[in-house]
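Here is what each chain is made of, one letter per residue.
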Amino acid sequence: MTKLSCTIVGGTGYTGGELLRILNTHPDACVTQVTSRSRMGEYAHTVHPNLRSTPAGNLQFVRPDDVARSDVAFLCLPHGEASTQIERWAGLADTVIDLSADFRLRDHAAYSRWYGSAHPAPQWLDKFVYGLPELTRQQLKGARYASGVGCNATATNLALMPLVKAGLLDTRMPIISDAKVGSSEAGAEATDASHHPERSGAVRSYAPAGHRHAAEVEQMIGMLGGAAAPLHMSATSIEMVRGVLATVHCFVKEPVQDKALWKAFRDCYQGEPFVRIVKSSTGIYRAPEPKILSGSNYADVGFAVSNDGRKVTLLCAIDNLVKGAAGSAVQCLNVMHGFDERAGLEFTGLHP
Amino acid sequence: MITAECSECGGAVSFKSAPILHELIRCPECGAELEVVTLEPVTMAPAPTEEEDWGE
Numbered sequence: 028m029t030k031l032s033c034t035i036v037g038g039t040g041y042t043g044g045e046l047l048r049i050l051n052t053h054p055d056a057c058v059t060q061v062t063s064r065s066r067m068g069e070y071a072h073t074v075h076p077n078l079r080s081t082p083a084g085n086l087q088f089v090r091p092d093d094v095a096r097s098d099v100a101f102l103c104l105p106h107g108e109a110s111t112q113i114e115r116w117a118g119l120a121d122t123v124i125d126l127s128a129d130f131r132l133r134d135h136a137a138y139s140r141w142y143g144s145a146h147p148a149p150q151w152l153d154k155f156v157y158g159l160p161e162l163t164r165q166q167l168k169g170a171r172y173a174s175g176v177g178c179n180a181t182a183t184n185l186a187l188m189p190l191v192k193a194g195l196l197d198t199r200m201p202i203i204s205d206a207k208v209g210s211s212e213a214g215a216e217a218t219d220a221s222h223h224p225e226r227s228g229a230v231r232s233y234a235p236a237g238h239r240h241a242a243e244v245e246q247m248i249g250m251l252g253g254a255a256a257p258l259h260m261s262a263t264s265i266e267m268v269r270g271v272l273a274t275v276h277c278f279v280k281e282p283v284q285d286k287a288l289w290k291a292f293r294d295c296y297q298g299e300p301f302v303r304i305v306k307s308s309t310g311i312y313r314a315p316e317p318k319i320l321s322g323s324n325y326a327d328v329g330f331a332v333s334n335d336g337r338k339v340t341l342l343c344a345i346d347n348l349v350k351g352a353a354g355s356a357v358q359c360l361n362v363m364h365g366f367d368e369r370a371g372l373e374f375t376g377l378h379p
Numbered sequence: 123m124i125t126a127e128c129s130e131c132g133g134a135v136s137f138k139s140a141p142i143l144h145e146l147i148r149c150p151e152c153g154a155e156l157e158v159v160t161l162e163p164v165t166m167a168p169a170p171t172e173e174e175d176w177g178e
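Going down the list, the protein sequences come from chains L and V.
The first sequence maps to residues 28 to 379 in my numbering.
The second sequence maps to residues 123 to 178 in my numbering.
Bound-form chain V, shown alone (with noise of 0.2 Å):
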């Protein structure tokens, strides 16, 4: 199983499967949501959120 370091808590995040660039995961110890930014080696970064533009 692979697994990679949380982005930002240092928690393991595995992977059931080969990630994929831009995949989305979970990171299970502070449930920040996480994109898959590189593969090799594995690394992520803090998910997009939807931004809100207030009608602009």
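Extracted from the complex, chain L is given alone in its bound form (with noise of 0.2 Å):
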């Protein structure tokens, strides 16, 4: 069978090099084209040195206004470019992933609220399906377009679902979550405040409030036939490069033991290719750890209940640029094109 053929758009990031690596060993698609304005002519592998000698190091970056028709663009464009490009690349591949916040949100009115602005394409809002496969896998078969996920976002809902699913949320209560997470969902463009004696040790509340992944998660509420509940997010950046941890605090209905929340994950990730239940009274890390996601498409969840079983904490772990990122955009390609969902995303992870 002929692979598909792949166009990255903005290919210098972190994002478009783990597509390139991800693609790298896909059986059934690969990458044709990469698109960069700073670095045309230049081969990936200088840009992504881990990708030297590999196919897809060896391709030379592309302007652009020079990009041919493919069968599949993955947008990784700086915020706002992807809405006001998109009629461009629609024409120019069958299957159109963006990675970028423009299209992750249906409500028009959510959007202009978090982002500050009108949405310059809100008519081509309806046709994006959200790009978690775990909330939308039947919505992305088949599908032409599916937007990207916020990191923090997916870290967050991952380890909400279970509870929402199961309606066992008490959503008169707060939910609010907290997310430790690596210098690089800073991306890739250097600042003063990433040189490193300023980052390195830094623990950094850089979202204290407000942050806007939150809408996603309401989002997920909102499809999974829940009760809006107040919602707090906030992100501190720590000593790591990859990596998000999730910490979510909620409260239930009825008092729970961990029996009931062991049922309900259960419940909720059977099945799932990518998602593990971590919680265990033996071994090295017996709660979800970032550390061992490094590369993988993984997300790893657990959980812990009060004394009084009342209040909840929730954990996901994942790699904010693989299953934050380019490992879920790759899983959506799999899942709207029917190949095998695992295709190209079998990494484990490294240990130690």
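No lab work stands behind these hints: they were computed from the structure.
Beta carbons are placed, not taken as given, at the ideal position from N, Cα and C, and that holds for glycine.
Any given hint could be a false lead.
[Unchecked claim] Not everything, but these chain L residues come out facing chain V in the computed CB check (under 7 Å):
#: 1; residue: 87
#: 2; residue: 284
#: 3; residue: 286
#: 4; residue: 289
#: 5; residue: 306
#: 6; residue: 307
Join the two chains, each given in its own frame, into one complex according to the hints.
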């Protein structure tokens, strides 16, 4: 079978690099073009050195204006650019997967509220399926357009989904999510704040209130028919390059014990290829831990219950660049085209 | 293969051979150490742990 040809639009960033790496070993898709406005003509491996002597690494960056038609376009553009260019990219590829935040929200008003301006292409919002297969697998099958996911939203969503689906949440009480995140969430562009003497060792509260990814969590709760609950999200950047650990505090309607939550998590994630329940009384890592997920598309989820059974702490660890971005995008591609959902994504991470 | 439910997490615990009363086995999902407390049906409870008597 001929492989799907894929274009990566905006290939010098970290998510573009991860798409190149993942698609290098994909049995049914390959990258044929990768764009850059700043590194035109250079080999991809000069920007992503792990790809030296690989098919994707040997591609040369082309100008966005010079892109030829392909089967798939992955858009890895800065915020706001995909939505203003969508007509062009949809004309150059049958399948478009946008990794930015531009098409994540179904509700135009919610987009305006969270992003501070009207959506540039609201007529496209309904055409995109939110790109989290654990939530939208049925809608993704056969779809032409999928959005990306927010990395911190994904960690929070995967932690919360079992309780929302099981109807266990006390929605009168707040849901509070804090994500500890790695420096790669800030992207590949250097700033004064990312200068090593400033960044190293810092514990940086970069979104202590009003994190935009809360919009995707509210949307998930609504999609599953859950009642709106007061939701608070924050993000803290720690000494880590890759990874997210979301710690979500919430309350349940009736007191629960561990076994009820085990059931809710199993009911939610039975058969999911990339979600693992990690709650162990033995072993080195007894709870979800992003360290061992670097480079992998797995999401590890877990929980703990307070002594009175009313307060539940949910945990989810992912690699922000993979399950939180490029890996979920390839997982979406697999679902959209009927491929094995694991194709290209079977790397299990590193230990130690 | 005989399987029984973990008393802690509800996961399936498999026995390679017929379980024996008071046999200890670890749940593959939650890691709890379990003791077989009845055979028909096979049920388990958390295995007793050594307790420190603090010299008393």
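Which numbered hints fail:
1, 2
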